[in-house]
Amino acid sequence: MERGGINWDLKSTFILMKYQMLFYLKTRRFLTMLILIILIVALTVGIDLHVGVSNIKAEYLTSASYLSAGLSFVPISIAILAGFYGGDATSIETGTNSGYFIMVQPIRKSSILLGRYLGAFILAAGTLLIEFVALGGMSQYIFGNINSNFLLSLGESLFILMAFLALAFLFSSIFKNPLIGILFSILAFILIMPIIDEVISIENIEPWFNLYYATNIIPAVFGPITHVTTLKRGPFTSKAFTPYVWEANYITLIYFVLSLGLSYMIFRRKEVKPQ
Amino acid sequence: MMNSKSVKVVNLTKKYRNFKAVDNISFELEGDGAIAYLGQNGAGKTTTFKMMTGLINPTDGKVFIEGIDVKKERTRALMRIGALIETPEPYAALTVREAVGLAGELKGIKKKDVLNHLETFGSRVKIPDLDRKVGTLSRGQRARVIFVAAFLGNPDIIFLDEPTNGMDPAERKIIREVILEWKKDHMIVMSSHLLQEVTDTCEDVLFINNGKLLLKDTTRNIESKFNSKSLKVDFLTSVNPDELKEKLGGFASSVEPQSEKSVIIYFNGELEARAKILKLVQTAGDVISFAEYGSSLEEAFVNLIEEKDQTE
Numbered sequence: 001m002e003r004g005g006i007n008w009d010l011k012s013t014f015i016l017m018k019y020q021m022l023f024y025l026k027t028r029r030f031l032t033m034l035i036l037i038i039l040i041v042a043l044t045v046g047i048d049l050h051v052g053v054s055n056i057k058a059e060y061l062t063s064a065s066y067l068s069a070g071l072s073f074v075p076i077s078i079a080i081l082a083g084f085y086g087g088d089a090t091s092i093e094t095g096t097n098s099g100y101f102i103m104v105q106p107i108r109k110s111s112i113l114l115g116r117y118l119g120a121f122i123l124a125a126g127t128l129l130i131e132f133v134a135l136g137g138m139s140q141y142i143f144g145n146i147n148s149n150f151l152l153s154l155g156e157s158l159f160i161l162m163a164f165l166a167l168a169f170l171f172s173s174i175f176k177n178p179l180i181g182i183l184f185s186i187l188a189f190i191l192i193m194p195i196i197d198e199v200i201s202i203e204n205i206e207p208w209f210n211l212y213y214a215t216n217i218i219p220a221v222f223g224p225i226t227h228v229t230t231l232k233r234g235p236f237t238s239k240a241f242t243p244y245v246w247e248a249n250y251i252t253l254i255y256f257v258l259s260l261g262l263s264y265m266i267f268r269r270k271e272v273k274p275q
Numbered sequence: 001m002m003n004s005k006s007v008k009v010v011n012l013t014k015k016y017r018n019f020k021a022v023d024n025i026s027f028e029l030e031g032d033g034a035i036a037y038l039g040q041n042g043a044g045k046t047t048t049f050k051m052m053t054g055l056i057n058p059t060d061g062k063v064f065i066e067g068i069d070v071k072k073e074r075t076r077a078l079m080r081i082g083a084l085i086e087t088p089e090p091y092a093a094l095t096v097r098e099a100v101g102l103a104g105e106l107k108g109i110k111k112k113d114v115l116n117h118l119e120t121f122g123s124r125v126k127i128p129d130l131d132r133k134v135g136t137l138s139r140g141q142r143a144r145v146i147f148v149a150a151f152l153g154n155p156d157i158i159f160l161d162e163p164t165n166g167m168d169p170a171e172r173k174i175i176r177e178v179i180l181e182w183k184k185d186h187m188i189v190m191s192s193h194l195l196q197e198v199t200d201t202c203e204d205v206l207f208i209n210n211g212k213l214l215l216k217d218t219t220r221n222i223e224s225k226f227n228s229k230s231l232k233v234d235f236l237t238s239v240n241p242d243e244l245k246e247k248l249g250g251f252a253s254s255v256e257p258q259s260e261k262s263v264i265i266y267f268n269g270e271l272e273a274r275a276k277i278l279k280l281v282q283t284a285g286d287v288i289s290f291a292e293y294g295s296s297l298e299e300a301f302v303n304l305i306e307e308k309d310q311t312e
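Respectively, the protein sequence lines represent chains G and P.
The first sequence begins at 1 in the numbering used here and counts up by one.
The second sequence begins at 1 in the numbering used here and counts up by one.
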């Protein structure tokens with residue numbers, strides 16, 4: 001193979017992807033995430049089985065409403081997976097001495113970033129699939145079918161995971177310390193962004209600028225989407241917003257492109273400076 | 001245009017705000033051999049190495065590796081080089097085999113060639129057990145793993161920034177032997193604090209101070225210009241430095257005790273004075289050893305920096 005061309009860059013990207021996955025598997029990060037997701041799934045499935053098929057059928061009536069309720073936990077899983085897999089993705093090169101090992105090799109920084117991104121996405125997506133397989137299986141077991149929008153929900157989840165992961169990569173480029181990058185990402189994804197989503201909705205403003213808002217589409221695809229719902233909370237009335245599919249896709253796409261682009265720009269300019 | 005085994009540095013400058021880490025340095029290196037890049041801590045050695053390997057971009061100037069502009073075509077420029085800059089650490093979770101394998105794959109080296117390198121070169125530098133995790137290795141063991149990775153793929157040019165840092169004397173000896181062997185048909189550019197190590201391995205020397213290139217010459221030329229001006233004399237029994245100084249008269253500028261039975265004599269460096277001192281010290285007691293103290297290179301290094309400081 002001619003060294004230095006586009007084929008070389010692609011090859012380098014896949015080498016980095018392979019070693020990124022190996023790195024995660026070796027650091028037991030994948031195992032930890034796997035156990036966490038299996039626990040969430042086991043809890044959900046366990047409760048359903050304990051309640052009993054007839055009671056679940058009576059409560060949810062259809063596969064659509066069952067899956068919609070079950071998959072409403074997916075955004076949390078996405079947030080945790082993205083934070084853990086992406087929060088230290090580039091800072092491990094620029095903030096530790098590892099950079100002096102990798103970056104003196106004939107490899108572009110874009111290949112490092114892309115390879116790391118692909119490796120992280122494959123493992124995170126693989127873990128997330130477990131949740132879908134379990135809930136799809138339960139739907140088949142309880143209702144004898146899986147709602148046709150199941151795959152759409154899965155597709156939206158993977159797309160949103162891509163954007164969250166890209167955002168975590170951006171944080172990893174900003175923060176020098178890998179651990180701080182991971183912690184900040186998780187904190188932002190499971191606390192700050194949902195709070196912003198909630199507060200802005202209370203103010204009757206659609207949080208279209210918040211990636212977390214897009215996650216509402218994952219359970220919402222199973223029914224007709226009500227874009228605005230007026231809620232009464234005691235003396236107060238507020239609005240709850242649900243994005244349309246196209247709207248969620250736009251938000252996700254913009255976050256994905258901007259986050260990964262910015263992450264690359266910062267990573268490209270950053271020098272290796274171990275702490 | 002230079003091509004095979006060549007490094008060309010043109011007006012290289014690196015500025016950090018108002019501080020110039022490297023200040024308008026130019027030099028050309030060509031062909032096989034070992035070249036030492038020397039300077040005090042913070043002189044700009046590592047910054048130059050980083051710019052030569054594209055780890056950082058210069059504020060101004062250019063670096064050409066085998067005729068290829070490192071800034072414009074970094075990947076292509078790095079194809080034929082091996083580098084050990086600062087203290088690289090492969091991912092701690094990888095095994096030695098995986099870490100070297102990663103470097104090999106990124107250099108486009110076939111798996112069997114990597115394994116062959118691990119067997120031959122690896123065993124030569126006593127690389128740790130290939131199945132051990134990098135994170136469990138000592139500093140010296142890790143340094144040897146990095147050293148093996150830097151020499152992967154038979155690179156034309158090898159940059160070694162303090163290659164024996166963290167190594168014990170036995171490990172340093174192995175590395176010195178490898179450099180002596182490899183420099184016969186490779187270009188090795190290295191920095192080191194151990195000037196004796198440099199004297200033993202390098203034919204050419206570049207001196208850098210405060211980011212500026214002070215001197216580029218052969219080690220032999222430098223040694224002849226800067227004869228050692230200090231001698232270490234060991235006696236069988238204790239000796240009084242003041243009495244010895246009196247005996248040496250005008251031949252010694254000062255006599256400093258090293259221990260009860262050992263002194264350092266500073267003189268003008270001339271061979272006649274040295275011969276006279278040898279005669280006179282024997283009148284002060286039974287001499288068991290009489291040798292140069294410090295290397296000529298060290299003298300040159302100190303003198304150059306002192307001269308530079310005086311002119312500024």
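Hints are computed from structural coordinates only; laboratory data are not their basis.
Heads up, some of the hints might be wrong.
So the derived label-pair ranges between C-beta atoms look like this [claimed, not checked]:
#1 P:Asn11 / G:Val245: 56 to 64 Å
#2 P:Asn57 / G:Leu158: 33 to 41 Å
#3 P:Asp113 / G:His50: 52 to 60 Å
Covered stretches of chain P (chain G as the covering partner; in silico rule of three or more C-beta atoms under 8 Å from a C-beta of chain G) [as the list claims (entries may be wrong)]:
#4 175 to 185
#5 190 to 201
#6 287 to 293
Computed from a predicted model, the values in this text were never measured in an experiment.
Ideal Cβ placement from N, Cα and C applies to all residues, glycine included.
Structure-based check of all given hints:
1. P:Asn11 / G:Val245: 56 to 64 Å: Check passed, 57 Å falls within 56 to 64 Å.
2. P:Asn57 / G:Leu158: 33 to 41 Å: Holds: the Cβ-Cβ distance is about 37 Å, inside 33 to 41 Å.
3. P:Asp113 / G:His50: 52 to 60 Å: With Cβ atoms ~59 Å apart, the hint holds.
4. 175 to 185: n = 0 at 8 Å, threshold three: violated.
5. 190 to 201: violated (count 0)
6. 287 to 293: That given contact is violated, which follows from only 0 residues of the segment 287 to 293 of chain P lying within Cβ reach (below 8 Å) of chain G.
When held up to the earlier numbered hints, the structure conflicts with 4, 5 and 6 and fits the remainder.
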